[in-house]
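Listed here are the chains, written in short residue letters.
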Amino acid sequence: MPMGEPAQEWTYGDLDATFAKCKVVYDDTFVHGSNSHHSMEPRSALAHWQNGKCIVYVSSQSQSFIVPPLAQMIGIPPSDLVVIAEYCGGGFGSKGNAYPIQALPALMSKKINRPVLLRISRAEEYYNGSARHGFQGRVKLGFAENGKLLAADLYVVQENGAYNSFWDFRNAGDALAMVYQPEAMRWRGVPVHANSPLRSAQRGPGYNQLVHIIEPLIDRAAHQLGIDRVAIRLLNDPVTGSPGGVKRTPTTSCYLKEAIRCGAKEFDWENKLAMCGQRKGSKGYGVGVGQAYHPAGFNGFDGLVRIAPDGKLHIHTGVGNLGTFSHSGTSRIAAEVLKIDWADCVVVRGDSRKHLPWNIGQFGSNTSFTMARTNFVAATDALNKLKEIAAQQFGGKPEDYDVDGKRVFRRGSPGTGMTYGQAAQRAIALGGKFDGHQLPEDINPMTRDSATALAGSGLIGVAKDKLKVGGETAAFAAAFVMVELDYETGKYTILDFVGVADCGTVIHPAGLQTQIKSGGIQGFGVAGLERIIYDPQNGLPHSIGFYQARPPTYGDIPLNMRTCAVDLPDPTSPMGTKGIGEPLLGSAASALLCAISNAMGGHVFNRTPVTSDMILNKLYNIPQAHGPLQTNCQ
Amino acid sequence: MSTQLPENLVRHAGVDRAFHWLTALAMTVLLVTSFLPIMGIRFVWLELHWSSGVLLTVLVLLHIVRALRGRNGRLMKLRRADFDELKGTQRPGKYSLQQKLIHLAWSAAILVAIITGVVMMVKAGTPFFSRNPYILSYRSWGLVTLLHDLAALASVFLILVHVYFGLLPEKRQYLRSMVGGTVRREELAADHDLDKVARGE
Amino acid sequence: MLKDMMPHFDLYQPNTLDAAVDLAGRLGTDGWLLGAGQDSYDWLKNRTKRTPAVIELAGIEALKGVREVDGGLEIGALTTLTEIEEHPVVRERFRVLSLAAGRVASPQIRNAGTLGGNLCQDARCWYYRYGVDCYRAGGNMCYADTPEGMNREHAILGASRCVAVSPSDTATAVVALEGVMVIRSTKGERLVPAADFFVQPAINIQRMTVLEPGEILVAVRIPAKWSGASYYFEKIADRAAWDFALVSIAAVFVFEGDLIKDASMVCGAVACVPWVLKGSQDELRGQPRTAETSDKAAWAAVVGAKPLHYNHFKLPLMENLVRRAIREA
Chain A
1 MPMGEPAQEW
11 TYGDLDATFA
21 KCKVVYDDTF
31 VHGSNSHHSM
41 EPRSALAHWQ
51 NGKCIVYVSS
61 QSQSFIVPPL
71 AQMIGIPPSD
81 LVVIAEYCGG
91 GFGSKGNAYP
101 IQALPALMSK
111 KINRPVLLRI
121 SRAEEYYNGS
131 ARHGFQGRVK
141 LGFAENGKLL
151 AADLYVVQEN
161 GAYNSFWDFR
171 NAGDALAMVY
181 QPEAMRWRGV
191 PVHANSPLRS
201 AQRGPGYNQL
211 VHIIEPLIDR
221 AAHQLGIDRV
231 AIRLLNDPVT
241 GSPGGVKRTP
251 TTSCYLKEAI
261 RCGAKEFDWE
271 NKLAMCGQRK
281 GSKGYGVGVG
291 QAYHPAGFNG
301 FDGLVRIAPD
311 GKLHIHTGVG
321 NLGTFSHSGT
331 SRIAAEVLKI
341 DWADCVVVRG
351 DSRKHLPWNI
361 GQFGSNTSFT
371 MARTNFVAAT
381 DALNKLKEIA
391 AQQFGGKPED
401 YDVDGKRVFR
411 RGSPGTGMTY
421 GQAAQRAIAL
431 GGKFDGHQLP
441 EDINPMTRDS
451 ATALAGSGLI
461 GVAKDKLKVG
471 GETAAFAAAF
481 VMVELDYETG
491 KYTILDFVGV
501 ADCGTVIHPA
511 GLQTQIKSGG
521 IQGFGVAGLE
531 RIIYDPQNGL
541 PHSIGFYQAR
551 PPTYGDIPLN
561 MRTCAVDLPD
571 PTSPMGTKGI
581 GEPLLGSAAS
591 ALLCAISNAM
601 GGHVFNRTPV
611 TSDMILNKLY
621 NIPQAHGPLQ
631 TNCQ
Chain B
1001 MSTQLPENLV
1011 RHAGVDRAFH
1021 WLTALAMTVL
1031 LVTSFLPIMG
1041 IRFVWLELHW
1051 SSGVLLTVLV
1061 LLHIVRALRG
1071 RNGRLMKLRR
1081 ADFDELKGTQ
1091 RPGKYSLQQK
1101 LIHLAWSAAI
1111 LVAIITGVVM
1121 MVKAGTPFFS
1131 RNPYILSYRS
1141 WGLVTLLHDL
1151 AALASVFLIL
1161 VHVYFGLLPE
1171 KRQYLRSMVG
1181 GTVRREELAA
1191 DHDLDKVARG
1201 E
Chain C
2001 MLKDMMPHFD
2011 LYQPNTLDAA
2021 VDLAGRLGTD
2031 GWLLGAGQDS
2041 YDWLKNRTKR
2051 TPAVIELAGI
2061 EALKGVREVD
2071 GGLEIGALTT
2081 LTEIEEHPVV
2091 RERFRVLSLA
2101 AGRVASPQIR
2111 NAGTLGGNLC
2121 QDARCWYYRY
2131 GVDCYRAGGN
2141 MCYADTPEGM
2151 NREHAILGAS
2161 RCVAVSPSDT
2171 ATAVVALEGV
2181 MVIRSTKGER
2191 LVPAADFFVQ
2201 PAINIQRMTV
2211 LEPGEILVAV
2221 RIPAKWSGAS
2231 YYFEKIADRA
2241 AWDFALVSIA
2251 AVFVFEGDLI
2261 KDASMVCGAV
2271 ACVPWVLKGS
2281 QDELRGQPRT
2291 AETSDKAAWA
2301 AVVGAKPLHY
2311 NHFKLPLMEN
2321 LVRRAIREA
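Protein chains in written order, with this note's numbering: chain A, 1 to 634; chain B, 1001 to 1201; chain C, 2001 to 2329.
Keep in mind the hints are simulated off the structure, nothing from the lab. For each residue, glycine too, the CB sits at the ideal point set by N, CA and C. Accuracy of the hints is not assured; some may be wrong.
[Stated by the list, open to error] These stretches of chain A come out as covered by chain C in the derived footprint (C-beta under 8 Å, 3 or more residues):
hint	segment
1	16 to 30
2	120 to 133
3	543 to 551
4	581 to 591
5	604 to 613
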């Protein structure tokens, strides 16, 4: 591999001296293929203008977050832009921020003074809907005799497509430093433009590609050093406070070891492992364990809630709707703070005319962390105001009051108090900070506009998230996979899957299960099936439909996918929540790659996807069709 | 001088006749395998077509080598003086002006067909080359195909002319010589200058 | 170019076969025959191919259903793949066809898709489907068999300029069972053995079948010959559903004790037509059912194979499927 000067690099520790200490050193090149996002809903957009305002209907993972950049693309102030993003049929990272297709109909509509719909076809979705960044790279890993990863040297060349895009290549370095905790490490990377479809962030950008490459190499070391593959991970895994990245920022919580242990138990690792290694007829088993990580600590956004005179709690959320309904899952935190039945809550969302606060988009595995904080501070602000109003009315100090059953009342004297509806009416009468006429200085202008519009309509809780931050809040995940490999066809069947999330406190068990399973399925696609290739001579795109790009089908996944969660709280989130979504893909894909490798006697392909033709070629000692480091080939 | 010539002149040596008839065979196969499928009679034509093309190429190469060696090549050379045959002031040597002209035309057509055909074999896929349609640009392929087709059409025209004159009763001596190899001296004397023939012109 | 939008065409919806035959004869090349549209709609909606008129056959009841004839079956061309998969007689006596029909695409597509459509579907070469001017599309070039062409799914056998493969799963079974195609046109009815129904590119590079404009495939007759025979069908594809075969095999055998009395084996997705393994069949007849015999049959199957850049994995795959069919039938 040509090792030119990298665009960026960092190092910590004494690399050469540490490598010299190592018992086993691997130096490998690798290729991580690109794969499309396969958003079920193509990114069509509709726009029209009304009274100087531009109204756009977009396919977006995010609501409030895209308003300023989209307004900039259209060339109007954010306050003149109405964004309607109520539903989204999947984005997987490709619809996180504003993108030009959202702006095009607005600009055209302005010219012709009529509504304009830009319809994106499935085939077009594969051109402009973007794909995961592919990697070519080289990695040198040095292990101590006991299996501890001591030193790592990573060089990543990132395929950018035709435009500047995401920084997967940087994330890969951070992931290696975090998940395997080497004593010394160097990271180097360079993104390269290519005449290929647009690339952008996709579920676990960079973090996941990294583990897909490294996890099978960890297996190789375990095999060579005679260590159990679960044990070698437990030896290397980070714990709460373990440093990450070149800045060596400590994690606020990390229970990856617990996740591995929990998964191994649920999966029945020891017994399943014992089943591997023997061939039965044309078939044999393989098991694999994989792990992954994604930092998810965005903070500093705003929360906005309103208690209406009818006593209902309106939770205004601008987080967006990726299809996971976590807008509601995280809104429940406000309901819990105010101890109000979910039936009495209204989640206000999906349309910027509904007076939404400045929120993060639904990306980066951040929603359950970031939105827990914003909803918590807004609800806490409302709670404090309820108590203040009650104290004004019934005497005493606000601390003397408590809430429950849609009432605020004096502790020890439940009869002394008022309903939320009455408190809201009182807030309107009081005005000032109580009903939104007086707002905190530090909130975002968008939140200020929204709260101002709501002023006088109830008790307003509004605040900026200034809760404690103390290091890197990250989501971790582990996964276990068992495959049955057919040595005559190169095809494998995934027999069992266990996915484990270290996502802090579980606030929505059903939603979490879906996340773990769907992350697993997506991971199986990345590891073994998906492709986005083109004819290099003519630039013709091959993968312009689901069946060519091959995301997994119902037949490619195990019938019973099992899930569990560590369910230990993160201290920096008021509800103990932290990120969930992205490492679930990476851990599952890694586990599958390791299981295939296991079934093949430990052969590591050092590339993804591992397709049946590659497996067959290897089994029959036929040269692979692809050249070393070749991309765009499977 | 002409009396020095024997009664039966050897007009075409065995090897030349073999060349002619093998060429005729190759040309026939080439034309049949190219035009019949276009006319809707479907069969496996491609392998026959290019293998006949290869045969034709080899024959033409051998023919060129033979023509360049010794004095044979001069017999077909077109000279300014040959055009005097049209005025009747000159009589031809071994080959008449018409024969030389049709040979020239056919040389051009066949050379064009062979050169373009060999290039097209790279695109169509034969054992001789690894298939690669990108050795030429899209437009160049169009030009190559056009030239090949024009050469084929020219060949059809030339075959019609050739066969027509070959079958004419008054030109039957040429056909007989291409079959048996010899021509009678008197027959030849009717249209040819035997002195020239004797001089090897 | 505008894509992904159904273009204008005249739609004819005959409800009798005679009317359809008349229409097909009258419209000739201008009349696009539509079964369930699982292939046609792709072409039309993508505007890669166009037609002035579409003759929708779905309303013709005579083209639907499975009938028992002379110990064999006559299956209407418009019978759905699900119906064939689940039909008790097909299951009991011609199981290989039932299995093949059950591995086509996805349940939704099988519920709508028809036998005739599956047999007559056009090549799935992605270059051709993309709309390039390749040989098959009337041009003068193959994009797949080039030094950098993406040809993992393409042919290893029987290619001539075009290297597309026969994508049909049911075609392998129908050819293995020595089915006969019943074809109607204004000139009357003609019967074509299934093995001759599919056309190699060497003969006609623009068509997959012998169907002439104006001709309608009305039924497939499965003779009694292989009724109740031992069978094997397997389709290897990247995905378990909604995918085309990388290599598939349909095979029927008559065993006498340990001896293989007769065999009929057909591979899909290795050539432009369902590839009858004549060499393998010859190796098998009268031989004991042993590993050595199946090795010989496997080697005979790939004689003459010419893999392209990305598809040499099809050789061991095809050999193994032959071995497995003999072993597990």
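- Which of the stated hints cannot be reconciled with the structure, identified by number in ascending sequence? Of the numbered hints, 1, 4 do not hold.
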